[in-house]
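Participant: Work out the full structure: start from the sequences and follow the hints.
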Amino acid sequence: VSTQSTGIQVRVLVRPDFCSFCSALPEDQQQKEIAAIVKEFYTTRDHQVQMKILQERFLANAQFEDPLMRVKGADRIKVQFHSLIKFFSSVEMSYNNMSKEENPKETHFFLDNVQKYKTSGGREIILDSVIDVTVEKDSQKISSLHDTWKNKTALDNSLYQKYMKGTVGTVTSVVFYWLGW
Numbered sequence: 204v205s206t207q208s209t210g211i212q213v214r215v216l217v218r219p220d221f222c223s224f225c226s227a228l229p230e231d232q233q234q235k236e237i238a239a240i241v242k243e244f245y246t247t248r249d250h251q252v253q254m255k256i257l258q259e260r261f262l263a264n265a266q267f268e269d270p271l272m273r274v275k276g277a278d279r280i281k282v283q284f285h286s287l288i289k290f291f292s293s294v295e296m297s298y299n300n301m302s303k304e305e306n307p308k309e310t311h312f313f314l315d316n317v318q319k320y321k322t323s324g325g326r327e328i329i330l331d332s333v334i335d336v337t338v339e340k341d342s343q344k345i346s347s348l349h350d351t352w353k354n355k356t357a358l359d360n361s362l363y364q365k366y367m368k369g370t371v372g373t374v375t376s377v378v379f380y381w382l383g384w
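Read in order, the letters of the sequence shown are residues 204 to 384 in my numbering.
It should be emphasised that the hints constitute simulated quantities derived from the structure, not laboratory data.
Note that the Cβ used here is the ideal one computed from N, Cα and C, for glycine as well.
List time: in silico PhoX-like cross-link candidates among lysine-lysine, alpha-carbon distance up to 20 Å:
1) LYS353 - LYS319
2) LYS340 - LYS308
3) LYS275 - LYS344
4) LYS235 - LYS344
5) LYS344 - LYS308
6) LYS255 - LYS289
7) LYS235 - LYS340
8) LYS235 - LYS255
What follows is a list of derived Cβ distance ranges for each label pair:
9) MET254 - GLU309: 23 to 29 Å
10) GLN258 - LYS308: 20 to 26 Å
11) LYS321 - ALA263: 29 to 35 Å
12) PHE290 - GLN233: 28 to 34 Å
13) PHE290 - VAL317: 15 to 21 Å
14) LYS308 - ASP231: 14 to 20 Å
15) HIS285 - LYS340: 27 to 33 Å
16) ALA239 - ASP331: 16 to 22 Å
17) LYS308 - ILE288: 32 to 38 Å
18) GLN343 - LYS319: 27 to 33 Å
Facilitator: Printed below as a string of structure tokens:
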């Protein structure tokens with residue numbers, strides 16, 4: 204809960220049942236909607252669905268960051284997420300719990316989740332993650348997605364994190380664009 208006049212923030216933590224995606228959603232309707240949008244954005248196999256979500260739900264200058272890359276702009280985010288369709292035969296996501304923090308300008312939704320990526324060769328990559336989804340209050344659009352992996356990789360705290368992360372996102376965006384993705 205947040206009040207415009209004082210700027211006081213209260214963090215609301217919801218500990219849902221673990222049985223399925225739908226029962227894991229909190230009662231807050233906006234939180235349900237954001238959770239559903241993020242899940243569909245990550246897991247869809249349809250590039251057109253990703254495009255529609257980006258156009259309708261993201262700001263043009265939105266940012267995406269995970270331990271491997273950082274990109275800014277809906278066009279670059281589009282390329283990064285389209286690569287999921289190209290590189291993985293399936294992506295699944297389930298939520299453990301969700302919380303949110305509000306201030307006068309934006310709402311942060313924290314989606315504690317597990318992501319399962321399957322390659323066409325049958326290999327499975329499992330990421331335990333918290334996604335911070337920032338929604339601008341005026342536009343009600345996503346201004347950033349920050350995906351933090353709890354099961355850290357060898358890339359953490361390295362020169363890669365300090366110097367290459369933003370460059371890799373830009374380079375892969377350009378390469379994927381040239382490939383027609």
